[in-house]
Structures are given as C-alpha cells and as structure tokens.
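**Student:** Below are the chains, spelled out letter by letter.
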Amino acid sequence: MSLLPFFQWCEASSVSRAISTSPWAFAVIESVHLLGLAAIGGAVLLVDLRMLGLGLRRQTIAEVARDAQPWLVGSLVVMLSTGIPLFLSEPIKCYYSTPFWVKMTCLLLAITFTFTVRRKVTMADALRVRPIWYKLVAVASLALWFGVGASGRWIGFSG
Amino acid sequence: MSLLPFCEWLASTRGSIALHESLYMYPLVESAHVLTLCLFVGMAVMLDLRLLGFTLRRVPVSDVLSRLGPWMAVGFATMVVTGLLLFYAIPVRSYQNIFFRLKMITLVLAGLNAWVFQMTVRRRLATWDRDASPPRAARMAGAVSLLLWAVIIVSGRMIAYNWFDCDKQPQPWIVNRAAGCVVAAR
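Line order of the protein sequences matches chains A and B.
Mind the numbering: the first sequence is residues 1 to 159 in the numbering used here, read in order.
Mind the numbering: the second sequence is residues 160 to 345 in the numbering used here, read in order.
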C-alpha cells in the first residue's frame, strides 16, 4: 500500500495552499519550530548529560528528569504543532525526500523511547538500576534526537 | 564608516568563494550552527527558567551556573566559530541584510544583559542561591535573556529570506537605510 494518495490529498488541502502561497507563513512557522528546537534541546540534554554523569551531578537523575519533564512535553507539543503545518506546506516534496523519511523514523523511535524506556529508567529508584543502563539510555536518546535534528535540517537542503 | 569595502574584499578571497560554492561544507557548517542551538540556547533556557523560578526550583542557582556553564561555553564557542564561517561564506549579502543586523544588535544586548546580571544580582548570589523564586532582578535577567535569544533565533532564521535584499529594488527608503543598501539616486 502506498501512502502517496494521502500525501496528494494533503497537498490539495486548503491549509496546504494557504501556507505554500503565503509569502511569510512558512518563515514564521519555521521560526517557532526553531524556538521549540532550542527548548527541547535543553530539556533532553539536561537529563541525558545527567545520566552520563555530567551536568547537574549533585542532583539525582529522577529529580532532574522530573523538573525537565514538563518542558520536554511542552516543547514537543510546540515542535509537533509547527512541524505538521511545515509538512503540509509541501507534502509531495516530503514524500520524495529521503531525509524526511529518515526524520520520521527517528522521530517515531525517539518519542516512543523517551516516553517508555527512558521515562521508566530515569524515574526508577537509583539503587535498583545498574549504572551502565543510564549510560546506554542516554546515548540512545542522544543518538535518536540527533538523528531527528540532523535529518530535519537536511530536508531543506535536498530537492 | 562602512564595513562594506571590507566585506567586499572578504568575499573576493579564495576561502570565502570555496566555502560559498562548496556542495557539502556550507550545509554542514550551517547544520552544526543550527543544531548547536540545542546545546547553547537549550542550556541557557534551562538557566533562565531557573532564574525565573519555573524549573529546578530545589537546585541551588550556583549549581546550575557552575555545572551548566562549561556546556554553555562549549556551545557558545561552536556557535561563534560556525557563525563566523557562515558570514565568511556570504559577507556582503549578510552585511546588507536587516535581519543579520538585527541579530548582531540583539547579540550585543544579550551580552549586556548577562554582564549586568554578573555585576549586580550575581554578586549577592549567596543570599538567594537556594530561593525557589529568585529576587526580582534575577527574574528580570532570565526573562530578558529568554526574549533576546528568541529574537536572535528568529532573526537568524530570517537572514535566509531575500525579501529586503539590496538587489530587490524598489524598497522603502527605511529598508535601504537599515540594510545599508547603496542605491543609485534617481
């Protein structure tokens, strides 16, 4: 089954036309997307660095993770609610863009990983988690989110 | 005094032309510049939110400053190096771009804000280090910093758009003035 008809339907939608024909809509939405990037970067890095034994080392991992959580969720909401209109402005271009599919794959994995494994490990009683697990989870999280960011930037360079 | 002759000379150097015309180097430098946002501004945002009393409320501000400071320094250095390279690749157009100019002015303001914070309320840090909600001056520094970095990010992104470029005439005189465009008199 091909997803192409869905992408074509998106491209023909009025929202898509409104964004792609406006001279400034894409620029404004993308700027907010970048503001979200800075915030989500901080919220993710703070916890991942802590799990690697860096950054806020005098606080427990659970404490840092709890404080970062609302900002992680909030910035993710900003990212998704600006990312969707950015996609809608050029769905067909995205369909034929390899970086777009790499980004979506990384994004799906990153979100799933963050709200299951990573959440469970960061909130767990520190005495019951082997230190190596923290490091592995942090490296996996950093790699997945880096994949999202790097391939996301590359969508703009290709095509 | 105009920096235009310097920018024109810079644009004529071999390194500038090579970087400008490179297939992969320029996009790589630009990606590094954008992704380092996560490290530098990301950490700055967490610090500012702590100063505002919005997060890490039980973490002493001195801990946040000393433990995140080195990461911010590394991030900032990367931003400056990649940013200089981006300017080096496209000097004249950047110099005559109103968003680039706005970004440079805002960067100076962000530096001033950090300097004022260092010179005033941080001197008294021992008295409010553990306050969940820091004193007004510290909260102000955090809020102003958040606002300025937001303007820096947005204006930085807008440099890519050519709406107000000098080669797109006619423009309102105020745009030409702000961008430093050299427009032939009619």
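No lab work stands behind these hints, which were simulated from the structure alone.
What you are looking at is a predicted structure, and each value in this text was computed from that prediction instead of being measured.
Cβ atoms here follow ideal geometry from the backbone N, Cα and C, with glycine treated the same way.
Treat the hints with care, as some may be off.
Incomplete in silico selection of chain B near chain A, CB under 10 angstroms [stated by the list, open to error]:
#1 S190
#2 V193
#3 T195
#4 C197
#5 L215
#6 W230
#7 M299
#8 V303
#9 L307
#10 W308
#11 F323
#12 P331
#13 V334
#14 A337
#15 A338
These stretches of chain B come out as covered by chain A in the derived footprint (C-beta under 8 angstroms, 3 or more residues) [as the list claims (entries may be wrong)]:
#16 161-172
#17 219-229
#18 246-258
**Student:** What hints, given by number in increasing order, does this structure fail?
**Tutor:** 7, 8, 9, 11, 12, 13, 14, 15, 16, 18
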